[in-house]
Amino acid sequence: MDLQHITQEELEYIEKYLNGNLDPLDLKQFEQRLQTEAEFKSKVEDIKTVLTGIETQALKEQLDIFHEDIDNVSNPPEKEDTKVHTLNWKRLLVAAALIITAGSFWFLGGNSNERLYANYFTPDPGLPTTMGSSDNYDFYEAMVNYKQGDYKTAIAKWETLQKAKPNNDTLNYFIGVAYLANKNEEIAIPLLEGVAQNSEFALINDAHYYLGLAYLKADNVEKAKASLQKSNVENSKALLSELND
Amino acid sequence: MQEKNPTLSLNDSFIEAVKNNDPQVLKNLYVNNYPKIEILVLRNSGSKDQAKDIYQDAFLAVWQNIKQDKFIPKSESSINGYLYTIAKNKWLDVLRSSGYKKTIVASQLGHFEIKDEENNDIDDDILKDKRLEDVMLAFKNLGQACKSLLRMFYFEKKSMKLIAEELALDSASTRNKKYRCMQKLKSLALKN
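If you read the protein sequences in the order shown, they are chains A and X.
Numbering-wise (the numbering used here), the first sequence opens with residue -15 and increments by one.
Numbering-wise (the numbering used here), the second sequence opens with residue 605 and increments by one.
So here's chain X without its partners, still in its complex pose (with noise of 0.2 Å):
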């Protein structure tokens, strides 16, 4: 096995930029991507719709894989490649499922090589957690208030004081509101 290449430290910043949600950094990557995987997909047999569907799904658990270190991109064109990668194994899947045997003839997978030895290990599984998946319904539909409140701190991960200060609130309430909609939120995701 290779030393990991100290000169990637240059890209440190930048994995660390798509951790953290930058919207510049995640917005480059998204639109950057997303036209080769519509090619893939509308040459094979997909909408616009289903390209769309399936490269969110794939990005999302880039993004995932990322955080959890369980992807340590060497550059961004690595990112570039895995992503794709993802998506086509998500639309394979798809194309397998029974629903579209049925309708597709082998014929018209031509563009695809079926077999994907070398990226097989590709776990992106993460999204498929029914906790999670409760989670993410719940607060999709928590109130305006509370979610605007939740997605501050956790998703543009602002600091408490800035915060506090949008919402004209000290700090000791705006932690208390955030609890409140912790507890909120909670009790929505165990009624899925």
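Pulled out of the complex, with its shape left as it was, chain A reads as follows (with noise of 0.2 Å):
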């Protein structure tokens, strides 16, 4: 690789051109030198190697950091066991805070379903868009949309299909977990509510999980307890547990 004898604007030059930022006349000159001077194309051949070397040894690094979160998905109770722990000793200090400076108890009721409600709420983490059937395509793609945390485009291409599909459980769900993930549960309960009657469906475990955390969100406590009792899903109990303190 003859790369040791190039200047410094030479190098930004060719960086430039890689990177498709080059203007339209310096283009033009550029591409004739690629055709008529063979070590110049060779050149920015290698430059080009150097790049996606880098890229590529960097992602791959990255790809390492990526996996470790795998690593904890797939080691549930480890994790779930020190995120309770944390908690607990998190809400004592809280509590004590809240003694020491407020005096009094009742502070605690409302603060605490927020703080919960917090410590608890993460959006659904979605469907794999694994299948490739076309008639899926749209559910799927505002699946993408959902993923990336744009709950709003989500949502607009859900309620499209749901126009044609009022009673599919599926879309129902997912526009309203979008919802509550856009922190406007009042839509997302009734929503959920409908969903969570269906004992059949097959996210019947995540729906009454997250029926529970949005009548918390609301404030409704008795309800929440109702739908967190139903859910078997490991947050669900650790939710209900403080909540029944």
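Take the hints with a grain of salt, since some may be wrong.
Unchecked claim - Covered stretches of chain X (chain A as the covering partner; in silico rule of three or more C-beta atoms under 8 Å from a C-beta of chain A):
1) 630 to 641
2) 652 to 664
3) 678 to 686
4) 755 to 767
Simulated from the structure, these hints should not be mistaken for lab results.
Note that the structure is a prediction, hence the values are computed from the model and not measured.
All C-beta atoms in this analysis are idealised placements derived from N, C-alpha and C, irrespective of residue type, glycine included.
Taking the hints as your guide, dock the two standalone chains into a single complex.
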């Protein structure tokens, strides 16, 4: 690789070309040189390889970091324990602080619902968009928006589909959790209530869990407890035991 | 041949995000697709570590092919399918290799359809380039300061201005520093 003999200017010039940032006139000149000067051409190829190498190695190292998340997910008991543990610890601290500063227990009720909700709520991870079938195309396209955190777009797309299939539980469930993720529990609640009535629904445990969270957000603790009781999701039990304390 | 579907431009931003190494998009792709491939490898005489290696190789190949427009995905789900196929082919290559042939009996490969005609044209050889390997190894072993500077430029695609600010340098010195880091990387790559 004959890369030792390249000036800073030349390097930046070639990079500009590779990134598609040359203006039309320069680009024309550049392409002419590529055709006529073999040495120049191989220089450009080499730099392309170097840039690709840097990027690929950087991504490769990043993938190991991504993978740590998978390992965490596949060992849930450990994670769950530490989470509950730290929550309790935080809860004690907050409680103590409130007792000392406010001198009243009564604040605790209202505040702790918000705080518990914040501690427990993470948006439903959504469905893996692995199915190639074309009839589900629109559904999964909205799922991509949902996973990117663009709840508004996801909701709009799903609601279009919902007009044709108003009683589709999967659709109603995801519209519901998207509304909840978008901080709109009033709309989420009736949707999730509807879904939660179908005991055959594949995501029924998640539906009860998110419905419980939505009630909690709306400060309806009794209904929240009732929903959480019906869910076998780990977090649901943990949250329920905190509510029952 | 059918014309390219114009509505597919909806996905342009997604493809752009992949090309620009958007961390959240890449992470979602990575995390969502792994379980299927782990199952495939585990059911076919492989270990978790092998699943991870194969998957990461396949992931890099898919990302490369998207960057170079060798594969233009029509939707996220078509990326998922492509990724799965490449990983599967890579695992098949491992199983067919001489080291494995001795220990694996054909009946253990029950879950595979060995012939995969429709996917034979998938090109995932980009990463087999020896010179690219040299650069990757050199970058891996580059000193931390240069490594992080080059990473910001070429992987995170941060602007010169932003990087200069982060390093508390002026833009001319940052550019020069980047140039010197590139020289260092190149000399390392040449030694390999």
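Evaluated hints:
1. 630 to 641: holds (count 10)
2. 652 to 664: holds (count 4)
3. 678 to 686: holds (count 6)
4. 755 to 767: Check passed, 3 qualifying residues.
Consistency note: the structure conflicts with none of the earlier hints.
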